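Use these hints to put chains B, C and D onto chain A, whose structure you have.
Protein chains in written order, with my numbering: chain A, 1 to 233; chain B, 1 to 233; chain C, 1 to 218; chain D, 1 to 218.
Please keep in mind that the hints were generated in silico from the structure rather than gathered at the bench.
Do not rely on the hints blindly, as some may be mistaken.
Stated by the list, open to error - Covered stretches of chain C (in silico footprint by chain A; criterion: 3 or more residues with CB under 8 Å from a CB of chain A, positions within the stretch not fixed):
hint : region
1    : 1-8
2    : 36-50
3    : 68-76
4    : 81-91
5    : 121-128
6    : 158-165
Since the model is a prediction, treat every value here as computed from it, not as a measurement.
Where is the CB? At the ideal position from N, CA and C, for every residue including glycine.
Listed here are the chains, written in short residue letters.
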Amino acid sequence: MINKVVNSVEEAIEGVADDMTFMLGGFGLCGIPENSIGALSQSGIKGLTCISNNAGVDDFGLGLLLQKRQIKKMISSYVGENAEFERQMLSGELEVELIPQGSLAERCRAGGAGIPAFFTPAGYGTEVAKGKEVREFNGKPHILESALTADFAFVKAWKGDTAGNLIFKGTARNFNPMMAMAGKITVAEVEELVPAGELDPAQIHTPGIFVQRIFQGKDYEKRIEQRTVRTRE
Amino acid sequence: MINKVVNSVEEAIEGVADDMTFMLGGFGLCGIPENSIGALSQSGIKGLTCISNNAGVDDFGLGLLLQKRQIKKMISSYVGENAEFERQMLSGELEVELIPQGSLAERCRAGGAGIPAFFTPAGYGTEVAKGKEVREFNGKPHILESALTADFAFVKAWKGDTAGNLIFKGTARNFNPMMAMAGKITVAEVEELVPAGELDPAQIHTPGIFVQRIFQGKDYEKRIEQRTVRTRE
Amino acid sequence: MALDKNGIAQRIAQELQNGFYVNLGIGIPTLVANYIPQGIDVEFQSENGVLGMGPFPFEGEEDSDLINAGKQTITTMAGAVFFDSATSFSMIRGQHVQLTVLGAMEVAQNGDIANWKIPGKMVKGMGGAMDLVASAENIIVAMMHTNKKGESKILKKCSLPLTGVGCVTKVVTNLSVLEVVDGSFKLLERAPGVSIEEIKSATEGDLIIEGEIPEMKL
Amino acid sequence: MALDKNGIAQRIAQELQNGFYVNLGIGIPTLVANYIPQGIDVEFQSENGVLGMGPFPFEGEEDSDLINAGKQTITTMAGAVFFDSATSFSMIRGQHVQLTVLGAMEVAQNGDIANWKIPGKMVKGMGGAMDLVASAENIIVAMMHTNKKGESKILKKCSLPLTGVGCVTKVVTNLSVLEVVDGSFKLLERAPGVSIEEIKSATEGDLIIEGEIPEMKL
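If we strip away everything but chain A, and leave its shape as in the complex, we get (with noise of 0.2 Å):
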């Protein structure tokens, strides 16, 4: 067994440069990397490129970097919700690229899996398609669309194993697994990390090839965003 353990998030965080792209798991604030973000708030590092669904809330998931300064790029399919993000896109401080959400899954899978460009038809005709390759398949457009990689992935699971197999909990798996393949280095965190052997393997969601690193995290917080409920009649 290959053990992917490091005991703590500044092990983990290890090697994170000023302008690197970044790849972070979640979708709003479901499944985001609590631990790393942290840290890479903390790590004082600039300039970076954010591959990421969202973009947090104001103080919040990656709403932390941004409060910092320390994004000078976002790449996301839907980046409401967050004050401080509107103020630097709108003052040009911050660099956006939106991309629509299937296609950012699948480029993130794409990246993974050694498939360098492949076609859909999301967003033909749209501004999207913009400088795109159009071709048709069976009388239907589609655009060209290429692999996106990130110099480290980070990602949250909820069982670990220190082997680097990963097990997500409900919708907190969204973006994770696909991002955990598009990492040269990927950094997972886990709610519960367990010695190889004690997940069954054919329950993985994320192999282990796909994590350099893992870690136990700690204080999660869990936010959610929208608390609707019925009421018990």
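Here is chains B, C and D on its own, set in the frame of chain A:
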């Protein structure tokens, strides 16, 4: 919940016809849809194009359809261990298209995922690349491969529920999940059919949305092709 | 009388067919789930990674690891599945989802839709909308017929940046049900008590009005 | 004395580095797993869908749902994972597997490899070999230096249909260890007791022989 259960293998294969294209899951004899193959053999339909990583052995798996000359064309990555196959191929009765295994898997996934074509390095510079577009990415030549779909996909799972959700066992997963995605009608046979709600939603390998019909299979032989063992010391 | 948001959702729910997998966008579309007709089994897909979405949780049972694409806490039904975003959009792009309902700022008579960007305003992003409209074969737009200034959102040509081209099949508004046919909006139904004249005056795009136009049955 | 198959496997095992994920082809490569050096942790990937492959099962413990790419019954180690074929080749194509060892019929001095087809004979197929050689950065070929007729398999140019172009990094044969460098085979090591002359006469491709060529240490 959308109920996908059919009551027999005969009902499951309803609509199959001469000259159709089928996908069949399995790697070697591991994870093959034994019941469906049996019923297809009984059905007497002919002129089939079968997309399957392998072609079974003489008297089991796809060998049963080959024996009855029901297959016009095989699309596979490896077709050894089958004398009747060899005879039909060498005599020209059977058309054979060989595809690199990874490209076969990815082309099936692409077919199910609405990706009409993608670039891969596999096969560049070989006869597999003949007639295919070549393009360089990151200094490395790639070839353009297209998606595969099928009129019917036949897959075999370990457990399934009435909503069509599937769980595979061990290495019997192999091509089954991608082929389930790529079939216009996907027929899943399972060793154990349970009511929806009994399987953990986080532990399903193939979501029921990809499965149109599911049935409880029977009399599984699950033949072992290469019985390799070590002796106890 | 013009419909309210719930009325629009209720009318769209009549489009649900047995066995449909359905993706509901944020806003009015979400309300469709409250009006599933008797005897119709459908499953709701949320593109962040769940199939078989149920109602909101009871208070105190919210799970931060269980949300929909609108980031709202949800529950799941028996037979539900969780999956990653790539698999989710494989379902969408691969046309395994039979019906997509989403909101719009503008719809054009050639089926174009604009729903993600207003030049000069803060752009939040398209989320999964571009994938949904480019892929689905059956796209129903749920929206108000006119904007807050009273201007028609049912147009000859979209003025805003597009989300997708030639993709909308039906539009259900507070005033009418429209079908996109051969480059025009064919008026199928009127909201209860709404006259054809009212619809005409609220519609900038070309309308096809053939024969008796029935009122919606809600 | 020329090595036997086990000797070739044993020599290749010395190329294993700590933390390597390794794909072993059918035949001699499979034997490499028997010679993992002390203190080196590696995991074996089999392209049919398992990572963390273990030894063959004890008699009576064979599981028809647990095989390797050679269709042999296997076991798994702690930390093993099962996955589908698309994920498996994502690992391979995406260069997450650090070392591929496979057999060949011919290897050329430009790194080309032919191992799947002999014109006029029954063609069984390339299986996963084309994906493996096109993707991996570190490809070691394990084979006999000459064929049954005594003809060299280490060539200036492959005569058989190719499996991949310019991809082989090292060749370990019964006679030698060769590295593909700048369009030639650089002789790195001799099998114990095998002379440079023997290697020269068994090699059709261009050989680079610089300085003392050590014997392999097994």
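Fill in: Hints not upheld, ascending by number
1
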